[in-house]
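There are 2 protein chains.
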Amino acid sequence: MAAKEFSETHRVTFYETDVTNTVTPAMLINMIILASEDQTNSLGVGAKMVTELGIGWVVTQYKIDITRMPTNDETVKLTTRATCYNRYFAFREFWVHDETGQECVHIESILVTMNHHTRKIVSIPEEVITPFETEQVKMIPRLGRPKRLDDADQLMVKDYRVRYFDIDGNGHVNNSRYFDWLIDALPMSFLTRHRLVSMNIRFENEVQYHHDVKSEAALVTDSNDPIVTKHHILLDNGDVATEAECHWQPIMK
Amino acid sequence: MAAKEFSETHRVTFYETDVTNTVTPAMLINMIILASEDQTNSLGVGAKMVTELGIGWVVTQYKIDITRMPTNDETVKLTTRATCYNRYFAFREFWVHDETGQECVHIESILVTMNHHTRKIVSIPEEVITPFETEQVKMIPRLGRPKRLDDADQLMVKDYRVRYFDIDGNGHVNNSRYFDWLIDALPMSFLTRHRLVSMNIRFENEVQYHHDVKSEAALVTDSNDPIVTKHHILLDNGDVATEAECHWQPIMK
Numbered sequence: 001m002a003a004k005e006f007s008e009t010h011r012v013t014f015y016e017t018d019v020t021n022t023v024t025p026a027m028l029i030n031m032i033i034l035a036s037e038d039q040t041n042s043l044g045v046g047a048k049m050v051t052e053l054g055i056g057w058v059v060t061q062y063k064i065d066i067t068r069m070p071t072n073d074e075t076v077k078l079t080t081r082a083t084c085y086n087r088y089f090a091f092r093e094f095w096v097h098d099e100t101g102q103e104c105v106h107i108e109s110i111l112v113t114m115n116h117h118t119r120k121i122v123s124i125p126e127e128v129i130t131p132f133e134t135e136q137v138k139m140i141p142r143l144g145r146p147k148r149l150d151d152a153d154q155l156m157v158k159d160y161r162v163r164y165f166d167i168d169g170n171g172h173v174n175n176s177r178y179f180d181w182l183i184d185a186l187p188m189s190f191l192t193r194h195r196l197v198s199m200n201i202r203f204e205n206e207v208q209y210h211h212d213v214k215s216e217a218a219l220v221t222d223s224n225d226p227i228v229t230k231h232h233i234l235l236d237n238g239d240v241a242t243e244a245e246c247h248w249q250p251i252m253k
Numbered sequence: 001m002a003a004k005e006f007s008e009t010h011r012v013t014f015y016e017t018d019v020t021n022t023v024t025p026a027m028l029i030n031m032i033i034l035a036s037e038d039q040t041n042s043l044g045v046g047a048k049m050v051t052e053l054g055i056g057w058v059v060t061q062y063k064i065d066i067t068r069m070p071t072n073d074e075t076v077k078l079t080t081r082a083t084c085y086n087r088y089f090a091f092r093e094f095w096v097h098d099e100t101g102q103e104c105v106h107i108e109s110i111l112v113t114m115n116h117h118t119r120k121i122v123s124i125p126e127e128v129i130t131p132f133e134t135e136q137v138k139m140i141p142r143l144g145r146p147k148r149l150d151d152a153d154q155l156m157v158k159d160y161r162v163r164y165f166d167i168d169g170n171g172h173v174n175n176s177r178y179f180d181w182l183i184d185a186l187p188m189s190f191l192t193r194h195r196l197v198s199m200n201i202r203f204e205n206e207v208q209y210h211h212d213v214k215s216e217a218a219l220v221t222d223s224n225d226p227i228v229t230k231h232h233i234l235l236d237n238g239d240v241a242t243e244a245e246c247h248w249q250p251i252m253k
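From first to last, the protein sequence lines are chains S and W. Counting in UniProt numbering, the first sequence runs from 1 upward without gaps. Counting in UniProt numbering, the second sequence runs from 1 upward without gaps.
Since the hints were derived computationally from the structure, they do not count as laboratory data. Each statement offered as a hint is correct.
Dumping the calculated PhoX-like pairs for lysine-lysine here, alpha-carbon to alpha-carbon at most 25 Å:
no., chain 1, residue 1, chain 2, residue 2
1, S, Lys48, W, Lys253
2, W, Lys158, S, Lys214
3, S, Lys4, S, Lys48
4, S, Lys77, W, Lys77
5, W, Lys214, S, Lys158
Looking at chain S on its own, in the form it has when it is part of the complex (with noise of 0.2 Å):
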């Protein structure tokens, strides 16, 4: 038995790019969590049935592969589907396909389900993903861990506060934040000379409004292609946040 897809149209707007016309990161994974948030209310477990029971879905980590950043005035079709779960994770996977029906991003996620108040991860309650008919199996795929940086390394580094419109309605920092914070930790003349081939991303710790955040980066310098670049996200005491590998390649002109 596969798993129940569900997708949509999204016509991509300009505040969802950058100065080079392309959805940025952030922003691509805003449109697929709008699907996926689509996808569960249509299937009766949306976010209020789910914070009924007393939990909530977290994301603990993305790997998105990108062939071609849907542009400004687009029109994509976004597809989501529950893959896999065991007793504590879920394997869900995304696409965006542009209007010829090329795939333009492959995202592969991992999901959890955690107490609101313990804010502890709990097994995964059967009412909430028994209507997406994802498959039970014993392990869920592995996403690889992001390299990470180490005292060797020639950091770029740039400080964040939280701000008041990061935080969203669940009364958190909005996800898709930390997304602009890794990568804007990056030159421009880089960024605008690059595309995003890959990134490999995973949430440790929870950032909360007035937080400030160090975003640190560095560039693997063993590896030419793709371009590797390291990143993380510090809070005030040290400990990483968010840990992330992109990878990039030169953009021909």
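With chain S held as given, fit chain W onto it using these hints.
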């Protein structure tokens, strides 16, 4: 002869709303700019054509009146009209209506055409305005000037550095970012307990990538109904980039 109206529907997404699930002022502005770009494109006088003339449209002021800010997942109707113009100024209006036809927001704006190279205001070329069937007038409506901050004010201050993703496809800081900077200067405890009912904002000087700006705000102490806040954004050299006046009402819970 009345100016041509243009309307389109828009579904409000969670990432266009804040912690109270209400559309943010920044995203409101993005939505209505989308509608006006769709109108200009449909009339064959879009960004591409205007750029070929060596000019660009620049908004110098918005006056926003909010009956009810739309919330997450509402489908709203965005309407716009280039109401009137004279040699140097165009006056454009926008409306946001909800699904019951109720007016949520009315926005008046003043635009000029600017030479791309000299960055100076030029008289509006006939060919970019004719298709809108806009009334030619001696004087366009005045939107008034936002109340100014002065030395007696007790300031709330926050600093912002322009980020890569603040830059839009035109190579400039996206107009919507000024709204985030202006409003984020107020404390969260104020923002979650008050709703914005009107805003008058003037753009004076452009902010560039990597600039550090200061957002300063103060409460107008001799006004209680509505509650009034004064704002400006200062460049490094002390010049005012943007100034604004906001009117608020307490949210009844």
